[in-house]
Structure formats: C-alpha cells, structure tokens
Amino acid sequence: MSVKYIIKDAAMADGSHADLLVADGRIMETGASLSAAGATILDADGLLALPGMVDLHTHLREPGREDAETVETGTRAAALGGFTAVHAMANSMPVADTAGVVEQVFSLGRRAGWVEVRPVGAVTVGLAGERLAELGAMADSRAQVRVFSDDGLCVHDPVLMRRALEYVKAFDGVVAQHAQEPRLTAGAQMNEGAVSAVLGLTGWPAVAEESIIARDVLLAQHVGSRLHVCHVSTAGSVEIIRWAKGRGINVTAEVTPHHLLLTDDLVHSWNPVYKVNPPLRTAEDVTALREALADGTIDIVGTDHAPHPSEHKECEWAQAAMGMTGLETALSVVQHSMIETGLMNWADFARVTSSRAAEIGRVGGQGRPLAAGEPANITLVDPAARWTVAPDKMATKGRNSPFAGLELPGAVQATFFRGHPTVLDGMLNTPHPSAVEDSAWM
Amino acid sequence: MKHLLSTTDLSRGDAILILDTAEEMAAVGEREVKKLPALRGRTVVNLFFEDSTRTRISFEAAAKRLSADVINFAAKGSSVSKGESLKDTAQTLEAMSADAVVIRHWASGAPARLASSDWIDAAVINAGDGTHEHPTQALLDAFTLRRHWAALAGTSPGGSDLRGMSVAIVGDVLHSRVARSNLWLLKTLGADVTLVAPPTLLPVGVDSWPCRVNYNLDEVLQSGPDAVMMLRLQGERMNAAFFPSTREYSRRWGFDDARLATLDAAGGRSTVIMHPGPMNRGLEISSAAADSPRSTILAQVRNGVSVRMAVLYLLLSGDSSGEPGRIPTPILQENPA
Amino acid sequence: MIVPTVQSGQMASRVVLTDADIERVLTRIAHEILEANKGTEDLVLLGIPRRGFPLAQRLAHRIAQTDSSVDPSSIVGQLDVTMFRDDLRRHPTRPPGPTQLPPSGIDNKVVVLVDDVLYSGRTIRAALDAIVDLGRPRIVRLAVLVDRGHRELPIRADHVGKNLPTSSAEKVRVRIGEVDSMDGRPVNEVVIEGPA
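Protein chains in written order, with this note's numbering: chain A, 1 to 442; chain B, 1 to 337; chain C, 1 to 196.
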C-alpha cells in the first residue's frame, strides 16, 4: 500500500496551518509546502484538521436488531460524522457478555472497515444485574475489551457494582455506569419537573441519577478503581462529579450532544423523537452541562447514538422507545453549543471528542496528536459550513434525529481512518482496504 | 381550533362560546324531540383504549342527538388488543372517512399524537388521556359551576365566566387528568383554585401552577369555598406507598359526614360538592355528602351530554373542505342568504 | 391594522327604507297579520335571530296596541334555525343562537315566522324543520321586512314589507336599532349595496 495523500494547508486545532503527508496509515510529515511523488493532493484551505473523533457510547444494534442498525450502517454513519473509532454498546441480542459476542462485533467492525469498532462488554450476564459476566475473558479476547457497561440499565446492586469496579482493575478496565436508580424511575417517561407535572407523564427525577453517581464515586474511591459515568444529564450530577474529582477520585464523565442543546420543553410536542434515557432536562441543566464540559468536569462527549425503527417512534409517547441518533450530528451540535457560544475552542473540541475518549477507553492509536509518526486518524471539518439536518439522508438506519430540520454549523469534509479516506467531499468514499483482507479470512 | 386536546388551548372566548352553545344544547334536551339534524351524514368514532362506559355513552348520546353516525371502537376485543398500532388504527378510521375521533387512552398525550400526525385528518377530541387531561369533563364542570354561580347572582349564565368563584380540588391530583383540565379552565374563566391533597399525590412542579396548595382539607373548608371538587382515589395507590391506608386517607382528605355537618353548620353558604364519578362512596366522599342537596353529581352527568354536543357541533358542523371544524370567533352573522 | 370601510372602492350603496319607512311598513304588516288571523287569538310571533327577533317584538307591540288584553311578551318568541340549515358545511361553524318559545308554546297556535330578508328561502325551510321539532302549530305564516327575490325553494311570504328587485351581485343590508349601531347610535335602515 503506497497510496499517499497530502492534505494542503489545513488549519490545526491550535490555529496554526500546515500540510500533512499521509502514507502507510501514518502521518509521515507535517509542515509547510510538503510534496511527495505520486501523492493525491487534498486542498484543505479553510478546513480544520482534527484528530479522528472517538465515541465511547454507540449503539450499533448488531447482533439481534439489524432492523434498527447494523455494524455496517452504523459505522458508515460514524465515518460521515467524523469518527474513526466507536464503542459498540453491549445491549445487543444476544448481549455482548461473552468473548464470543464481543469478538463477533469486533470482526464485523473490521470487515466493515469504516471505523475502528471497540466492543463494550456487559458488566452482568444478560444485563440482568445479578452476576458478573466473564469480564476477563472479554478483556483477553481478540476484541481487547476495556470498557464494561450494562448501559440501558444501571448496575444498581451496590455489592455487584463494588465487585465490578474491583475486578476490572485486573486488566485496567473501566466500568461505564448508566446511572439510574430503578425504583425511583419505575415507568418514567420524561424529566420530573414543571413540564411533566403539566403533561401528566411519570417523572424521571434528577435524584435518581445523582444518588447513583454519588454512591458510585464513593465506591470507586473505596476500592481504588476507575469509574466512568455515561450521559450525565443534570446540574446536580455535575456538582457531585466535580466534588469527586476534587477529592482525587478516579472518575470520568460523558455528556451527549442532545443534552447539551435540547430541553424537556420539547416534550410538549408529544413527539417521541424527543424521548430518550436519561431524559432531556431543563435549561439550567443544559447550562451546567456546557460549563462542566468546558471546565473539564465532564471529560468527553459521547453520542449515545441509539437508532430505532420508525414503528418504535410512530406511536404514543408511553409506547415509544427511548433514544436518538447522534453520530452524524455530534460535531455540529457540539460546535453549535460549545464553540459558537465561546465556551470552548477547537483544541478543547479535540480533547472532548477524541483524545480523552481514547484514553478512557484505552484505545491505542486513536485520539493522538496530528504529528509526524502518529496514526493517520484525521477529521477534516469545514467549520463555516451550515446545513439543515435531514434524517432521511443519513447513513444510519435510524430516522430518529431530534435535530431534524435544525440548521447547524460545521460539516465533515473528509475522514481519514488509519491513512485511508473513508469520507471525501463530505460523502462516503470506500472502507479501509484492510477490510477486504479481513473478509477473506472471516 | 380543529381539535379539542387540552383546556390549555382554550381562550376565555372559546370556553364561553362552548358553554353558551351547551346552554342551547341543554334546551334541546328538554324538548319532546331531543334531536337536531346538524351533524347528519357525519361519522363520529368513539375510540376507547380504556374502559369508560359513562364517558362513552355520554359522547354517544351527544353525537346521536346531533344526528351523527356513531361507531364505537373499543380496544378490547378488537384488533388493537392484538397489537395493532395507534397509527394503523388511525389510518383504518381515516379510510372509513371518520369525521371525528373521540379518543380515550391510557397513555398521556395519545390524542395529541393522533392530532399532530398525518395518519388521520379527522377532528380529534380528547375523552381522557392517561394522567394528562380530560377537557370535556372540565367543560361540563365549568358549565355546572357557571349555572350555580349565575343562579346565586340571579342572572342567566349566558356569556358569563366564573370570576370571583373559589374552587377547591381535593384528592389524587398527581394522577388526575380531571384536576389538570379543571385547573387550566377554571383559571381561564377567572376562578380561584386551591388544590388539597396529601403531598405524595401532588406532582413535583406543582409550585409552578397557577393555584394555591394546601394539605389540610378542614382549613380549606373553613375558608368557605364556593365549590369543592372531590377526585376519585384509586385504592391501589396505597400499594405504591402514596399513603399508609385508605382509612387514614379518608380521615384526612375524604369528604365525610363530619365535614358535611361542619359545612352545614357554618350557615347558609351555598358551597356545592362535585365529583366526576365514578365515586368510591365511603372513601373520598361519604354517601351523605354525595346525596346531599349540595351535591351536583347528577347535574354533572346531565350537563356532560350538553357540553359534548356543543363540542361536537362546534368542531364538526363547519366547512369540511378546508379546515374541518374550527371553534369560531363569535361574529355577527351578516344577512345569511 | 387598517380595515377598509365598506363604502370605499367599488361599492355603492343606496337606502331603500329609512327609519320612518320601516316603522310604517311594520304597522301595515301588524294590521295584515291581525286581519288574516281575524284578531289576536292563538297568535304567536317567532322571530328568527338576529334581526327577525326585534322585528317580531316590534310587531307584537303594535298588535298589543290594538288589543289591550294582549301582553306583547306573551305572544313573541325567537326561533334559532342555525342547526337546521342545509349549508352548515359550506361555511365556517356558526354558533347557535337561543330559541325561546312563548309560555303557551306553539301547539295548535297560528305561528307567524318573522325575518328581515327573504332571499333563497333556505332559512325559512330550516325554520319549518325547527318548528316541527318543537311542536305542531295549526298554521304557519311568514312575514318579512324585505323580499329580494331569487328564491331557490317553493316558499313565499304571506306578509311583505317591501318587494325589492335586486341582482344577486348586490347585498341587502338590514340594520335594526336593537342590534345595529353606527358611531354608537342605534340605526334603522335597509340599504342595497352593489358594484358601482
């Protein structure tokens, strides 16, 4: 493989400009006016070069719900959204709670070749919250699982949570907790507050998230382990995490793009596209989440991309599935809510969407600086572009984007995955050539 | 408006027009021929995903008095219970040219979902959705209260509102669609509302509602409300620890004989006692209270038909080509040909 | 927002009955009614809202003036025909008006329907249907202030204030003081408006 690319005159996250020479899956050279024989030139004037985005929280639905999404369609969506790695959540059917299932998902990702697919292993067998899954076997498998989560469900048994936190220390794993006290959220339909009172929908109180986070950071401190909090959604959760970090507790946290922008007022429409778990919260929560992401209390943006077939949303609110798509809108929503508001710059963006996420997931070769010798995982963005979100035109099978019809800034022009452009001119190009080789032996 | 989904959608003018129209409908109910030809050829579907014989027959009587064709579609024993979606059911009704769908559903927001979808073109009337709203119940309560208020003032109810009236709504507000619809409508009509409930049966967020909240029923009764609206309590709430026992609930928040006696002893006050039905006699209301001269419970049932006739007439009688049924702004008719 | 006045533009209007004309015409109709009924016995006047009702009240007063035993309010009522119209679905929803019969009812009475303008005849058709649902009068007669022609149904008036030949492009506006006012003053007149 000797295809070479020169990305000409791209703006870097720090504001400088440079050319990037890409070959053999790596950034060979950076600097001004690079040239190389036979290289394909990409004019990146006006574009921003960012480290390829890493999502710690993606639902690819395969195996089991291929009507909602497949690894193929989900990773196409990821590439179009500027991602070079995604973590596939464990709540597939069967649940990714054995080495066999995580290796299957891992292989499907390799065969697709659009991004790196890192399976997340379930913490408990069948997500049932009763006994630990074979975490070690998943860690030692070809999939090299480091992130464990029962996402969709909370590991609510305190003893089980303690054991999981302890156990993953053996292979430098992390437990990613979906913080939701189940008894406090029985039948919950939306954020509990002024809007739920008027609409007569069963409330999902902030305290159900905050009480679990409070418990878990104390457990993580007690056993000296690493905790990651999925999709933080309330101002109170932010305060607890800030307090925990201040005490040196090894906790990281994520926020979704939709929680950075949308509020529970939208439920007045009764449109289930706004139904998600944790639910959309209030404007005060949105403000607190933005500030926390900017000051590092919340480490990363995780999409919680959750595609659903249309029949699961074309129904009564109470009957509808929870979840929103997010891979193809994440960059734009974060630019809109964090960068255009002046809360963050593009270097911060690179941290929260790439480097920090790769660190938490222990994904080597991702989230690296754009420097000579580093793997060529690069996202080229036109930050001046504006576009209107049209779910029908997306690569994901899910049409459940809450941003439909919204005009947002920032468009992914190209994505380089290990030196290969999976996206060019804002459109899907080809999967990484190694995908073909993978298929051959599968 | 094309639909009746929530009393929050009703302006004061809309509400008074509906109540005034209901007065005309009530007059029809007293005639020998209790039928009007206004909705001849129109089809009203009663789509009930939840049992409610009283509400269904009230709507059925209202539609029939206006000469509409009525189709009753109960979710039980129909394709709905076999897993057919609301969307498919709606499209079926659309294919059958339903002009109005009166929908009762266990899920909050189901009528609004139907109305905002492109599944069906018909007017949608909310006949009670989950713990959200029950607008025709609130309208019939307001109709009953307005007649009472006008009778006290020695005037005719037509054109008037409920300004100056104080109304206590007592009971399981948290799970009550009746309480919500009533609160918004009573406020729109100028009444003053106090909610009385155990703290566990008030929603978080109630502090943003335009009303007072009091946990003490006796205190509220001493303040001399013009009407006391008792809400139905579902005994199974006890199992979810909303209150320790039905006995304790009844003692603190039930309208019992002692409270009736206190009210009577307080003198010639004209406080009325209301209940949307069906009642749990001996739980939230005693038999003596329910059957006392203060009780408007049967009048409420009677008024229900008139109010539902008014709603059906106002939503369905107009131009069908463009927007079927708008609640009109009361304008002077100009020399109709 | 600026609302153009009716008089502006291409519309021209002319008064065909003044206040005094209306008074005179009503007096004549009252006499005709008494003559046709041979007195006031069993007589009921039902005005069709909005303007038919005040006209019926005025007629009742005139009738009472000729027969002191008659309480005018006991022989006059109003009959709302809104919900009996055949054109409900061709117009935005019309709120119904009140129907109020005199205390003695209409069974076996001589009912005189009173309206301001007789045009297509459809309002009267609706009124006849409405009456049937309310009782069984012995005779139903029709009195109108103005008959402008263009009938679409086999209906004619028994008592006509004024026959007005019009084109259907024209509009006949009846203004009755009990209902209509201009600049805060009650106004009584019949006007034809049409293209200039």
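Simulated from the structure, these hints should not be mistaken for lab results.
Every residue, glycine too, gets a C-beta built ideally from N, C-alpha and C.
Careful: at least some of the hints might be erroneous.
Residues on chain A that point at chain B, a partial pick, calculated with CB under 7 Å [said to hold, decoys possible]:
#, residue
1, D14
2, G15
3, L34
4, E134
5, A197
6, L199
7, E314
8, W317
9, A318
10, A321
Now the hints, each set against the structure:
Taking 7 Å as the C-beta cut-off, the interface hint given for D14 (chain A) is violated, the closest approach to chain B being about 46 Å. A cut of 7 Å between beta carbons decides the hint on G15 (chain A): the least distance to chain B is about 45 Å, and the hint is violated. Checking L34 (chain A) against chain B by beta carbon gives a least distance of about 55 Å; that is not within 7 Å, so the hint is violated. Proximity of E134 (chain A) to chain B is violated relative to the hint, the smallest CB-CB distance being about 37 Å (cut-off 7 Å).
For A197 (chain A), the suggested interface contact is upheld, since its CB lies about 3 Å from the closest CB of chain B, less than 7 Å. Given hint, L199 (chain A) at the interface with chain B, holds; its Cβ is 6 Å from that chain's nearest Cβ, closer than 7 Å. With its C-beta approaching chain B no nearer than about 5 Å, E314 (chain A) sits inside the 7 Å limit, and its interface hint holds. Evaluation of the W317 (chain A) hint against chain B yields a held restraint, the C-beta minimum of about 5 Å falling below 7 Å.
Annotation: A318 (chain A) was flagged as interfacial toward chain B, and the flag holds, the nearest CB pair being 4 Å apart, inside 7 Å. Because the closest C-beta pair between A321 (chain A) and chain B is about 13 Å apart, greater than 7 Å, the hint is violated.
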